[in-house]
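Both chains are given apart, each in its own frame, so use the hints to dock them into the complex.
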Amino acid sequence: MRLMRERGFSSGSLSKASAVLGLERSKLASILMLLKEKGIVEVRESSIWRPRLTSRGEDALRRGLPEERLIRSIDEGGTPLKELSEMLGEEAGIAVGQARRKGLVSIAGGVVRLSLPREEALERVAHLRRALEECREGRLPQRELLEELRSRGLVEEVEEKELLVTVTRDLEEVLKDARVEMSRLTSSMLKSGAWRSFKFRSYDVRAEPPEVLPARAHFLAEFIERLRDLFKEMGFKEVRGNVVELELFNFDLLFQAQDHPAREIHDSLWLKGEAADLSEYGELIGRVAQVHERSWRYKWDPQVAARLVLRSQTTAVSARTLIARPRPPMRFFTIGRVYRRDAVDATHLPEFHQLDGIEGYPGYTFRELLGTLKDVSERLGLEVKFKPAYFPFTEPSVEGYVRLPNGKWLELYGAGLFRPEVLEMAGLDYPVGAWGFGIERLAAASFGIPDIRILYTSDVDFIRKFRARW
Amino acid sequence: MPVLRFKQWRLSDLTGLSPEELKEALFRLKSESEEAEGYFVVEVNADRPDMFIGEGLARAVRGIMGEEGWREPLSERSGVKVEAEQVPTRPYIVAAVVYGVNVDSEDFLEELIQFQEKLNEGLGRRRKKAAIGFHDLSKLPSREIVYKMDRIDREFQPLGGGRKSIKEVLEETEKGFQYGAIARYGELHPVLEAGHEIIAVPPVLNSELTRVEVGTRDLFIDVTATNLETASVILDVLTSNLAERGGRIGKVLVAGAEYPLLEQKEIRVSEREVVGSLGAKMSLEEAAAVLRRMRYNVDVAGEQLVVKVPPFRVDVFKPIDLAEDIAIYVGYENLGPERPRELYALRGSYDRLSLLERRLRSLLVGMGFTEVMQLSLTSPSLLEAMGLREAAVEVLNPVQIEYSVLRPNIASTMLRMFSEASHVSKPVKVFEIGPVAFRSRSGKVVDEEHLAMAIMDEEVSYEQIQAPLYSALRVLGIEFSARPGESSITMVGRTGELLVRGEVIGFLGEVRPEILISVGLEYPVAVAELNLTLLSKLT
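The listed protein sequences derive, respectively, from chains A and B.
Okay, so the first sequence: first residue is 885 according to the numbering used here, each after it adds one.
Okay, so the second sequence: first residue is 28 according to the numbering used here, each after it adds one.
Worth flagging that the hints you see were computed from the coordinates, not collected in a lab.
Check each hint, because a few of them may be wrong.
[Unchecked claim] Derived pair list, reagent style DSS-like, types lysine-lysine, alpha-carbon separation capped at 25 Å: (1) A/LYS1183 with B/LYS145; (2) A/LYS920 with A/LYS900; (3) B/LYS50 with B/LYS34; (4) A/LYS1269 with B/LYS308; (5) B/LYS155 with A/LYS1183; (6) A/LYS1121 with B/LYS564; (7) B/LYS471 with A/LYS1156; (8) B/LYS308 with A/LYS1258; (9) B/LYS564 with B/LYS471; (10) A/LYS1083 with A/LYS911; (11) A/LYS1271 with B/LYS50; (12) A/LYS1045 with A/LYS920; (13) B/LYS345 with A/LYS1271; (14) A/LYS1183 with B/LYS175; (15) B/LYS145 with A/LYS1271; (16) A/LYS1292 with B/LYS50; (17) B/LYS50 with A/LYS1269; (18) B/LYS308 with A/LYS1271; (19) A/LYS1183 with B/LYS345; (20) A/LYS1116 with B/LYS564; (21) B/LYS292 with A/LYS1183; (22) A/LYS1349 with B/LYS453.
[Said to hold, decoys possible] Cβ-to-Cβ under 8 Å is the rule here; a few derived chain A residues that face chain B: (23) LEU1097; (24) SER1179; (25) ALA1227; (26) LYS1258; (27) LYS1269; (28) ALA1273; (29) GLU1279; (30) ILE1347.
Fair warning: this is a prediction, and the values are worked out from it, not measured in the lab.
All C-beta atoms in this analysis are idealised placements derived from N, C-alpha and C, irrespective of residue type, glycine included.
Same shape as in the complex, but just chain B (with noise of 0.2 Å):
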């Protein structure tokens, strides 16, 4: 969830609120917020980009508080056209401008950067999909603007530096090397020029020459993109927030359309639809009233209300999105929980495997095992000593190499885990049921459902693993045959295979002893596993 910082002073002069009144508001808004070192630190879903700027999240307070719909800022042509060449790697730019934002403050500017910087993330996909530029308009060296592709070795100066080539700033600054391969295409690389100058190279960085900084009035925004309709939506959300501050929208030809389209998407709700689907009890006109207050245009037709979707509300497409908002707006303690008495008569099941699971388990406790539990996830070099990293499926991400293998029996998590606890009291036995994973001999990866049971002490036989185990298949039904098996970590000629219908549901066995001192071991060990997974269908 983004987490957003606004200065104090900023928060209060939009909104009137005391910081208690303002939280409070927050929290109805599914935000959480708390102050710190003069700033208001504010958790903002990630579907709720409008609020990440002061304007945005004080409009959405102020509805709160009583303030009804939304009003479309005047605009006007601004003059200022971008004339769009191919760029194959980043096809696609929308432009607005918008007067009057007037940057009056550190603090302002401060906020300015951090709604760039979120939407990059979030809507932007890490400026991948779409990234933003703000430049000063009176700064612009020419009203047309040309977005193409140019050569890395062309020189400029790029915002807080000195002049250097634009492979130098792809290949030795931070902001090349986190953004540097998004757009580049061999030696050619997405800029943006104005009357021969760059002022910018996207999604990287801005150039120096149009700075803005504390004194800036008017702003020239520039949305790259790989899709347009994105490009498209980032815009109306930055131009509808800034000029909430006061300001005029001005319009930017871009390939023959103007920008931004500040579009308002119109949802045709019925009453079953927005307050049935909640199961609030409340009238048609008491529905377009809360969401005027969630900042709609709301009308009534007849049957139904027609809802006019401000331009910021990227995440509301269908009437259930209107729904969510009045359920927010009533709060969801008001709206009362209600048992659903149409599901109450439904018979309830157990799943056949965890059926198997609950009967080997009172079996097994009643034998004298205790049920321990680990991870499914292993280290190579556990599996590498059990002889059992052929079969091992590995994790492409790991955090940490000690869980980077799925571990393909249980038996071998168990020597470890015996080894991490030699100190028991002995005889131990245990036993554990959980996922493995492997790679068959066709490559491809299975996971089953494992059963594993285990003795160590003094002295261990095959015998006393293989007693219980059979008692137990034998007291729930379940004919099975032996047959000598082998096994990378039992000895050869103590390891058994059982076997039902033909498939081999598991094996026992006596643990080599070279495997137990390769794991620390200085006690012999009995293991027994099954394959659940595959027992529950063969019974």
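Pulled out of the complex, with its shape left as it was, chain A reads as follows (with noise of 0.2 Å):
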């Protein structure tokens, strides 16, 4: 508006004020929408007749107007009109015509001559190749030598639709009540106090921007943590293990006989290479062979408990932190990966996350047990319920079921007393409950994933869009 007024606008087409005021047609075309909103201008659309060039008036641009051609033609001493035409064509007559009425040349027994010099004469016309030129740019030239041009089919006119803008309100007067709008406030606004004489203009809120991928921890990251927070919150301490461990500590204290099926090459991973040197567990050893041989009745072989496999349980964490003997009443629990010999598909993946808890104190019963898996299932949200169960290194053994948001039951924790054999090994005189569960297709199911291996994807974008709701 500040520029309509300064630059003398009131009314015109939207290429006239475009020209005007120096804006881009496009841009205008969007602010005097919203002027007209506000009633200070008109937007009208009408027809605009607008000359264009014929294909006679191109030519005429290219190879010169026909008196042009006939001014360069005629010779000193005139030359025949019979000659020219030969020379000019069809294109003759009107080129003597128009010549002979503008007072160029002169045509006297047959021979054509020029009135002026040739230079002068040429002078003359060039005015109305300008005109053409004006056309061929879309410009208007004076209605007289457009006119002409018209008349002598060197140029048409057609309808183009356009915009007509019309200033209906004291530009003065509007500036004056009403500050300009502005789309952001600027450093400079603010520094210079300009910030004052503007007004901000309203944002379509409903509109959506433009996606944002942020970065992020991985959910199953964030699942992880929230579970290590609930447990630390239940009072429980923290202990971390290596995926590489002894056999000793995956199976032998947890009183799997080194004969037994369960230990046998197709569940777990084994690692190539020597056997690991067990002198740092002299004392462990003689007791862990004493009660494999008293229930198993098999020769325990320390060799055997020396080989390094990928651990499958988390509860290996938890049988080093028994031999600890932890002094009771105590709760521990760890979070890592277990490996097991599992081939990849929807719900298996040769390595997951496991959570393994102990707690105990001298006095600990069978339904404290089932009370904390109760309690833990709870703080997550879930539903439980308990079947007995088999593991060879607790009694009574449970599995926890919990019922997952989609009304299915999910077979989630392993769990129980440990066995007297396996307190004896470790060397522990009170009762010590165990449960552990595999965290993915916990997560899974609560994340709504259908296969786990989801969980493992490699797409970034994929991870940095995921709707994580638990």
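Printed below as a string of structure tokens:
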């Protein structure tokens, strides 16, 4: 509006406004629509007749107007009309007629002569050529010139739709009342104080913004952290162990006989290479050998216990915690990866995370173990039910099923009181409850993911977009 | 968990229950079951081999319905004698007769074989530790049986086949292929002989001569083993279950001792031991009644229960095993969970390493890095391409070659991840926290927890990975120094090594173009990797 006032625009076509105000048509159009809504301008659509060169007009611009070509063709001493007709073809008549009317040439005795010097004669018709050029560029030449070009069939007029803009209010007035609307508040406006004279345009807050992908923690890691918080909150101390483990802690201390089928090659993953050194576990080895041989009736072999296995259960970490003989009452938990000899599919991975917890004090009971599992489940927002089970290292043993949001029951916990044989090997004299569960299946179910492979996707954009609700 | 199939008519005859009632009772005995094509398919826990046959399963079910205790079957001397010679590869044998087993149908025969197979698999450790042979008593060529080593070129008629040498059976039949190596000793193999005829080649298969079939009334049973007690326990389970069919047991003299032993362990327990450990509210008398229904014979002696464990309960050794049976009878749900009040006063804590990981995670996310998670098992070809094969820790028994080695660093698997998803919006800025393992120069397997971060873009510089890494370490107050380093995946002259208190805690650099090409990447990548296990100890 300020520009309009300064440059004296009161009405005209959009093209004209664009030229006068020095703004792009598209930008100007949207501003004008805004002003129209406020009743400051009137915008009408109207037809405008605009000149356009015909093919003859194009030809004239390229080769010269017929009279120009005529002027150039006449010799000093005049040229016979007949000769000119041969040179200029059908345009000869027009050329001669036009030139004679403008007093540029004279005809006498069938011979055409220049009435003016050649340069001057050419100058006389140059304005017509300029008008033609203007037409080509979309500008409007003088009316009489346009008329002449049109009557000679060099230009034609075509209809064009154009927006006609008329300022309907006193801009001076409007500018005095209304402050200018701005889209952005800038630092320089704040520094100069100019912000006071601006008004900030309202936004369409219903419109969608462009998509931004956040950098974020992995949703499975977040789930694990939540479990970590939950157990810490319940008074459990966290411990961590290694993924490469001795069979001693993965199996022997958990009362799995060395010739037991569960220890055979198709369940766990063993590592190539030599067995480890067990010398630091001297006293423990003695107790393990004694308990195994007495209970399972076979010759216990320390060489087998010294083999390296990829931890198949985080209970191995609990076993290491037990041999440190923690003073009761005690609660410990661990979270880590475990490895199994499973082929990859929608519900199996060769490695996944497990959480293992232990707790105990003299007088600890099986009902209390169930109580803890119920408490954990409730804190996860899950209903739980229990079923008898069998594990080699616990008695009584229990499986805990939790009800998922989709109503299905998921077998989650494997739990029980450590067998007296386990406590004897570890050297503990009070009852200890233990449980473990796989994290991926619970996480997948909580996230509504049908395939646990998705938890280990390579697609970073997927991770960034993922809707992690639980 | 062993899965067993029983004909429906058998179980309803033995229990008198409808399928629904049966299912309910089995559930209380920690067994899930379903009906399928005239069969009851039952999952039985591995510690209850006495439930691997209809008679034993029904006995347990009838206990739940109210039947109490267990009565030892009548027994007499059978007159069968086993002489055991030196059998170095499988030194022990025990044997027994059960009269009146009466194989009256194909359905029962099928179940009998299933019983034998499941016992061979579990308690027998796939026949390695012990294996069972059933024979028709009436078909024994002699009552004098010899267990001995014999030459494998000796011929006999194996079950279901024509005459063959033992060697042929061991080397050319399916059973021979599966079990032929267990007891073979060069050109010798154990045999069971009666009247100079081979009646069995344990633990592989029996002879046609003594085949058990529909019409067989009395069974002669042998169990050969590498451990005498295991053999005897298996014989006890077999005979005490088969005698449920109304028969008597015939004692067999083996090397001067009579079998089966039908040993009944006696466990004396206090109220605290059986009821207290559960936290159940129950009197000693009530506990005794429950145990009787779990088929134990129980006497109350003052403040104690004297519990006689039937010979088929191989899973019961200690008071806590009896407590579990009480809990199962009562039902875990009825027992009721109870919060351990004593434990709620404890103060929890996080492991140091977990805390370090947590702080790094939030800093890196704040600097625009997204966390990824990948498996630590990977393929040897990837490590080959990265020049990391030397230090790789290999799995002895992988299922899939793609998951047969452990990654020695996270950066290697991260590069593969990039190549699998190179379409993702650039720049890609990621990090991962997880385990790695490698073989140290001395050959020892080392596993550590690492952090790796990486950037992939049209152009990437050392500084782009260096700046956020340095910031994170400095914000955590970790003092470190840097020096030129080397790694097989980053460029010479563009690899840095970070040290904390003189120990190398990680490296960073621009990935070598030949490495990028080898994993099919057409974008440059800068990586950094830290040993968090070490870092958490040093700081």
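Results of checking the hints against the structure:
{"no.": "1", "hint": "A/LYS1183 with B/LYS145", "result": "holds (24 Å)"}
{"no.": "2", "hint": "A/LYS920 with A/LYS900", "result": "holds (17 Å)"}
{"no.": "3", "hint": "B/LYS50 with B/LYS34", "result": "holds (14 Å)"}
{"no.": "4", "hint": "A/LYS1269 with B/LYS308", "result": "holds (20 Å)"}
{"no.": "5", "hint": "B/LYS155 with A/LYS1183", "result": "holds (14 Å)"}
{"no.": "6", "hint": "A/LYS1121 with B/LYS564", "result": "holds (18 Å)"}
{"no.": "7", "hint": "B/LYS471 with A/LYS1156", "result": "holds (11 Å)"}
{"no.": "8", "hint": "B/LYS308 with A/LYS1258", "result": "holds (19 Å)"}
{"no.": "9", "hint": "B/LYS564 with B/LYS471", "result": "holds (20 Å)"}
{"no.": "10", "hint": "A/LYS1083 with A/LYS911", "result": "holds (19 Å)"}
{"no.": "11", "hint": "A/LYS1271 with B/LYS50", "result": "holds (14 Å)"}
{"no.": "12", "hint": "A/LYS1045 with A/LYS920", "result": "holds (19 Å)"}
{"no.": "13", "hint": "B/LYS345 with A/LYS1271", "result": "holds (21 Å)"}
{"no.": "14", "hint": "A/LYS1183 with B/LYS175", "result": "holds (24 Å)"}
{"no.": "15", "hint": "B/LYS145 with A/LYS1271", "result": "holds (24 Å)"}
{"no.": "16", "hint": "A/LYS1292 with B/LYS50", "result": "holds (20 Å)"}
{"no.": "17", "hint": "B/LYS50 with A/LYS1269", "result": "holds (18 Å)"}
{"no.": "18", "hint": "B/LYS308 with A/LYS1271", "result": "holds (20 Å)"}
{"no.": "19", "hint": "A/LYS1183 with B/LYS345", "result": "holds (22 Å)"}
{"no.": "20", "hint": "A/LYS1116 with B/LYS564", "result": "holds (22 Å)"}
{"no.": "21", "hint": "B/LYS292 with A/LYS1183", "result": "holds (23 Å)"}
{"no.": "22", "hint": "A/LYS1349 with B/LYS453", "result": "holds (15 Å)"}
{"no.": "23", "hint": "LEU1097", "result": "holds (7 Å)"}
{"no.": "24", "hint": "SER1179", "result": "holds (7 Å)"}
{"no.": "25", "hint": "ALA1227", "result": "holds (5 Å)"}
{"no.": "26", "hint": "LYS1258", "result": "holds (4 Å)"}
{"no.": "27", "hint": "LYS1269", "result": "holds (7 Å)"}
{"no.": "28", "hint": "ALA1273", "result": "holds (6 Å)"}
{"no.": "29", "hint": "GLU1279", "result": "holds (5 Å)"}
{"no.": "30", "hint": "ILE1347", "result": "holds (6 Å)"}
Hint compliance for this structure: no hint is broken.
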